[in-house]
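A.B. asks: From first to last, the protein sequence lines stand for chains R and S.
Numbers 1 to 277, taken from this note's numbering, label the letters of the first sequence in order.
Numbers 1 to 405, taken from this note's numbering, label the letters of the second sequence in order.
Rather than coming from a laboratory, the hints here were simulated on the basis of the structure.
Any given hint could turn out to be false.
[To be verified] Derived CB-CB ranges, DEER-like:
id, chain 1, residue 1, chain 2, residue 2, range
1, S, Ser169, R, Trp17, 25 to 35 Å
2, S, Met179, R, Gly224, 24 to 34 Å
3, S, Met179, R, Leu100, 24 to 34 Å
4, S, Phe192, R, Phe47, 42 to 52 Å
[Claimed, not checked] Computed list of chain R residues with no C-beta within reach of chain S, every gap over 12 Å:
id, residue
5, Ala5
6, Leu20
7, Val33
8, Gly70
9, Ser90
10, Glu104
11, Asn130
12, Leu190
13, Val238
We put the CB at the ideal spot given by N, CA and C, even for glycine.
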Amino acid sequence: MNVTAQARELLRRDTTWPFLVPRQRAVDVSHQVILYVEGLSVSFDGFKALNDLNLYVNDGELRCLIGANGAGKTTLMDVITGKTRCDSGSAWFGRNIDLLAHDEAAIAQLGIGRKFQKPTVFEAHTVYTNLELSLKGSKGAWSALTAALTGEQRDRIDRVLETIGLVNARYQLAGALSHGQKQWLEIGMLLAAEPRLLLIDEPVAGMTAEEAERTAELLTSLAGEHTVIVVEHDMEFVRSIARTVTVLHQGAVLAEGTMDQVQNNPDVIEVYLGEDA
Amino acid sequence: MTTVEHNRSLFGNLAGALAQLRAPGEGSSLLVAILLGVTLLMSAANLLLPAESPLYVSTYTITLMGKYLCFAMLAMAVDIVWGYCGILSLGHGAFFALGGYGMGMYLMRQIGDRGVYGNPDLPDFMVFLNWQELPWYWQGMDQFWFALLMALLVPGLLAFVFGWLAFRSRVTGVYLSIMTQALTYALMLAFFRNEMGFGGNNGLTDFKDMLGFDLQADGTRVALLMATALLLALTFVASRAIVQSRLGRVVVAIRDAEPRARFLGYRTEGYKVWLFVYSALVAAVAGMLYVPQVGIINPGEFSPLNSIEVVVWVAVGGRGTLYGAIVGALLVNYAKTRFTAVMPDGWLFALGTLFVVVTVLLPKGLAGLLQRGRTTDAETRGENNTGEVSAGDAPAEPITGEARA
């Protein structure tokens, strides 16, 4: 193409320049699948943390990931949330967003929330401020300088406070919360961001039976509106919430199905449940 | 329609921010009032009272006070990044000195042909080095506005480039501190060289006047002190507004749990870079005010030791509280003035001891002591109240369960 043709192409009045078109941020789930992970491999110094892993998660589903230590559960979350680069494979959010092309902040803004294994909240802030900082919206430094809460956002925070049962602790410093309350606050922070997909790493670790029960209720109620992926070791807890369970082993999917199917799967019995029983 | 709404919300936000600026909280207005009041009284005592009066404040004291206030501003700059964002900068002296050199260049050009060699264009040290014409970077520095602009632009740009490179590569903690230390050390070595054109070892000195006013005159000294106090109050109120805005809350969040903030969608490096640049600008302003009062700027200001001293001031006053940094800087510098008069060689030992004692016994500095007093007061007064809250807010037993692990 010569220069004039290029110029003409550039000056066409019936099209907009590509960089001016707002990037489509809404996730396309027209095929009911919200997360496509295909052929994912990650290795650290020769150790294959993920080995050609394939995983599909439907929109609105509550999925449990189980597996022994080192099975690759956390690495998988790291790749999906942009923390770790993979060696090969692909990860798509809906049909239109390539997760591997975005960084952590961008992925969070796309609507993927992540709860860490160790509850991580902003300890020097109150519960309320923790939720305020988690709200969906502009996350730039300049807009934060003049940002003020709108009435709608206050309502949102109040609703989240009710959902996680911390209404009375709203002005307490997050650092003063009990372990279980911190776990809930962190889940609440994810909810405040109105995510499409929630990745939750060991939500009941260190919780009392009563707290775990409440957490199970909370997570079950979230499914449907949100898609929830839970990583958990506690088999009793998984049984209480899971409809579909995916078993990871040595960086690949070993089995998938309902809890009963998985527990009766001979491979699973051999490598995972067998050790426990 | 949407733009109108957007504009309206933007104006609403701006109005909110301005309201915050106007009402920075009672504690801080108290500090500003004391600061301005004391400055005003000292100025009046210097200018209006005869020298024999017992209440007369000497010009030496005025200048000393001005110097302390510059240090207080520098300490506040360090506190903004260290106390609120956890960036322990051991090189903030670099921004202070760069601002100082900017002002020094202006004052140098004001000497004109009153220098030892009587050259109307070239400062003395250039004549001494047999330079024939003014280097390009000295051009325009005889204009006050241009010198001010450069004295802000150069440190700001340095902070931006340094911060952008360091924070984007996610350098944190001790490694970052070492890098800031290296930055100021490298600048010190560079400014020591005569070929740099900043007077080498001797730096810039022998200033005569500023904006046409004689720098030795009492009136000029007092005006400089008042300008320093005013700018300190202004930067304090502005910094206060920044740390109390949502930006400030995000910054504290980054200090405490950076990965969490990142996974909530914050580009933490952007926040850190802008805060670092702001802090560097405050430090540069402090340097600009420091030089005309002290009458000299030389590469010694870049020495890493100076920057470390600033950190000690902040630690003593209490980091994460802007007023703490100001109080810490004033107290330690006063102590330094008194101590070095009695035992000049012992000061560094005293400083080191002070740092150790504060770190061990008062991790939150003097401000922490004050806060502790206030909370115990509040607790004794409102015992029933707090009891109720803690009983009501625990829907389940607040037991951290090793039971399950």
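A.B. asks: Evaluate each hint against the coordinates.
C.D. replies: Hint check:
{"no.": "1", "hint": "S/Ser169 - R/Trp17: 25 to 35 Å", "result": "holds (32 Å)"}
{"no.": "2", "hint": "S/Met179 - R/Gly224: 24 to 34 Å", "result": "violated (49 Å)"}
{"no.": "3", "hint": "S/Met179 - R/Leu100: 24 to 34 Å", "result": "holds (31 Å)"}
{"no.": "4", "hint": "S/Phe192 - R/Phe47: 42 to 52 Å", "result": "holds (50 Å)"}
{"no.": "5", "hint": "Ala5", "result": "holds (37 Å)"}
{"no.": "6", "hint": "Leu20", "result": "holds (17 Å)"}
{"no.": "7", "hint": "Val33", "result": "holds (23 Å)"}
{"no.": "8", "hint": "Gly70", "result": "holds (19 Å)"}
{"no.": "9", "hint": "Ser90", "result": "holds (21 Å)"}
{"no.": "10", "hint": "Glu104", "result": "violated (5 Å)"}
{"no.": "11", "hint": "Asn130", "result": "violated (8 Å)"}
{"no.": "12", "hint": "Leu190", "result": "violated (8 Å)"}
{"no.": "13", "hint": "Val238", "result": "holds (14 Å)"}
Hints 2, 10, 11, 12 from the earlier list are contradicted by this structure; the remaining hints agree with it.
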